[in-house]
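Undergrad: Modelling step: build the complete structure from the supplied sequences, incorporating the hints.
Chain order of the listed sequences is Y and A.
Take the first sequence: its position 94, counting from 1, is numbered 94 in our numbering, and each next residue is one higher.
Take the second sequence: its position 38, counting from 1, is numbered 38 in our numbering, and each next residue is one higher.
No lab work stands behind these hints, which were simulated from the structure alone.
The structure presented is a predicted model; accordingly, all values stated were derived computationally and were not measured.
Beta carbons are placed, not taken as given, at the ideal position from N, Cα and C, and that holds for glycine.
Don't take every hint at face value.
[To be verified] FRET-style restraints, in silico, Cβ to Cβ: (1) A:ASP22 <-> Y:GLU172: 45 to 55 Å; (2) A:MET26 <-> Y:GLU68: 39 to 49 Å; (3) A:LEU18 <-> Y:ASP105: 13 to 23 Å; (4) Y:LYS107 <-> A:ALA12: 26 to 36 Å; (5) A:GLU23 <-> Y:LEU153: 40 to 50 Å; (6) Y:ASP164 <-> A:ASN5: 11 to 21 Å; (7) A:MET29 <-> Y:LYS75: 28 to 38 Å; (8) Y:GLU130 <-> A:GLU4: 13 to 23 Å; (9) Y:ALA144 <-> A:LEU18: 34 to 44 Å; (10) A:ASP16 <-> Y:SER65: 46 to 56 Å; (11) Y:ASP66 <-> A:SER3: 23 to 33 Å; (12) A:MET29 <-> Y:VAL92: 15 to 25 Å; (13) Y:VAL77 <-> A:ASN7: 19 to 29 Å; (14) A:GLN11 <-> Y:GLU80: 32 to 42 Å.
Below, each chain spelled out in residue letters.
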Amino acid sequence: MRTESGSHGTCLSFAESIRDNGFRPGRSGIRGAGVYLWAESAEYLALARGWYGFRRDKGDYKRASDKECAVVIAKIVANEDEFFDLEDREVVNHISELSKRKGIDTKNSNDIRKVYEIYIRAVETKAKKEFKVLEGRVGPPPAAYCPEYPVMLLGAPFSYIIRDTAVIINTELVRCTI
Amino acid sequence: MNSENTNRAMQAAFDDLLRMSDEDFMSTMHSVSDNGVAALLETAGFPENRVAEAAELSASNEIDVVSRLVPGSDAALISKWFDAFVGFAQSDTSQMAETLYETLGTWSSEYHVSPSRGSFDRLSLTDWLPEIGDMVAQEFSLTYLFRSETMFRFNDDEFEQCLAA
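TA: If you want it as C-alpha cells, here you go:
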C-alpha cells in the first residue's frame, strides 16, 4: 500500500462541509474529473492558501457563511497499481501525439480534459483495472497569490487527482490567515 | 513511473485511439461529460461552437460579470432558462442533478424567480444551503453561467430560438 498526503485550499465553510461530508469530485479539472490536492511538499500549504486566495477573488465564496481561509489536509491510501503517473514520459508522448493527430485544440481546457479522460479510460480498459489516483503536475495559482512557490525553479507543482474518494482515509482542517 | 503492465495497456490504448477514425474519436470526445455550463447549453440546444465557447469560459473562469445579469434582465427570459435547467436536472438522477437542484434553489431564492413547472416542488427552498458544497463552488458551478459573458454573446434571435426549442 502507498500512503500520501495532499492539501486543498478553500473557505472555512466549505472545508467544514468537506470534513463532515467528505469531498465531492469536481468535473472540470484540467487533467480530468476528481478531487485536486497539492502533493505534500514544503510548499503545499502555501499552494493551498494561494488557491483559496485566487478563488476568493473570483467570487467563489460569496455565498459562504464563513469566508476565511482553510486548508484541508487529506491522507490517501491506495495500492501502488491504483496510482496512474501522468508524468510518465510515455503518457506525455501519447497525449501529445494524440492531440496532434486528432486536431485537438490545445488551448481549450475542456478539450484537454476530455483527451486525458478518454486516454485514461482506454488504458483502464486495456489494463482491466481502475486508477483511483492520478498524479501529475498542475499549474500553480497565479504568482501574486502564491509567491512562496518558485515555479521557475521547480516547474508546475505535483498534485494528486483523486478519482475514487474512498482512498481518502483522513482529513484534517487547518485554519489559515491571509 | 507506471508499472510494466500499465505501460503495455498504455501502448495498446494509444494504438487503439490512433486507429479510430476522426469521426469516432470526436464522437468519443463528445461522450465525455462537459462541465456544467457546457452541458446545460448543449441541452438547451445551443449551437456546438457556442457550447465549446461556454465550456472554455467556464473552465478558465476568467470572466466575472454576474452583476450584469440580474439588473434589468428580462424576467420571462430568465424563467425560460430556469425551466430549461429544471428539465435538465430532471433528466439526470446522478449527483449532478442533486447539485443542480441545490443551485437552482439558491438562485431562485436570491433572484425571486418562480419556476413555472411543478417539478420544482422537489426542492425545499427554505432548506437550501448557502454553502452549496465544494464541488459546486470550485469545480462544477452553475454560477459560472451567470458570471459568464457567454449569455450576452448570443444575439437575440439566436438566444430566443434556442430557448424556444
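Undergrad: With respect to the beta-carbon atoms only, verify the hint that ASP164 (chain Y) and ASN5 (chain A) lie 11 to 21 Å apart.
TA: The hint (11 to 21 Å, Cβ to Cβ) holds, given that ASP164 (chain Y) and ASN5 (chain A) are roughly 19 Å apart.
Undergrad: Can the suggested window of 23 to 33 Å be confirmed for the beta-carbon pair ASP66 (chain Y) and SER3 (chain A)?
TA: The hint (23 to 33 Å, Cβ to Cβ) is violated, given that ASP66 (chain Y) and SER3 (chain A) are roughly 44 Å apart.
Undergrad: Could you tell me whether the CB distance from LYS107 (chain Y) to ALA12 (chain A) stays inside 26 to 36 Å?
TA: holds, 29 Å
Undergrad: Given the range 39 to 49 Å, decide if the beta-carbon distance of MET26 (chain A) to GLU68 (chain Y) lies inside it.
TA: holds, 45 Å
Undergrad: Using the Cβ atoms, figure out if MET29 (chain A) sits within 15 to 25 Å of VAL92 (chain Y).
TA: holds, 20 Å
Undergrad: Hint says 13 to 23 Å; check whether the CB-CB distance for GLU130 (chain Y) and GLU4 (chain A) agrees.
TA: Given a distance of about 18 Å, which is inside 13 to 23 Å, the answer is holds.
Undergrad: Given the range 46 to 56 Å, decide if the beta-carbon distance of ASP16 (chain A) to SER65 (chain Y) lies inside it.
TA: holds, 49 Å
Undergrad: Taking the CB of VAL77 (chain Y) and the CB of ASN7 (chain A), does the distance hold inside 19 to 29 Å?
TA: Holds - the Cβ-Cβ distance for VAL77 (chain Y) and ASN7 (chain A), about 24 Å, lies within 19 to 29 Å.
Undergrad: Hint says 13 to 23 Å; check whether the CB-CB distance for LEU18 (chain A) and ASP105 (chain Y) agrees.
TA: holds, 18 Å
Undergrad: Taking the CB of ASP22 (chain A) and the CB of GLU172 (chain Y), does the distance hold inside 45 to 55 Å?
TA: holds, 48 Å
Undergrad: Given the range 28 to 38 Å, decide if the beta-carbon distance of MET29 (chain A) to LYS75 (chain Y) lies inside it.
TA: With a Cβ separation near 35 Å, MET29 (chain A) and LYS75 (chain Y) satisfy 28 to 38 Å, so the hint holds.
Undergrad: Measuring from beta carbon to beta carbon, are GLN11 (chain A) and GLU80 (chain Y) in 32 to 42 Å?
TA: At 20 Å between Cβs, range violated.
Comparing the model with each numbered hint stated earlier shows that hints 11, 14 do not hold.
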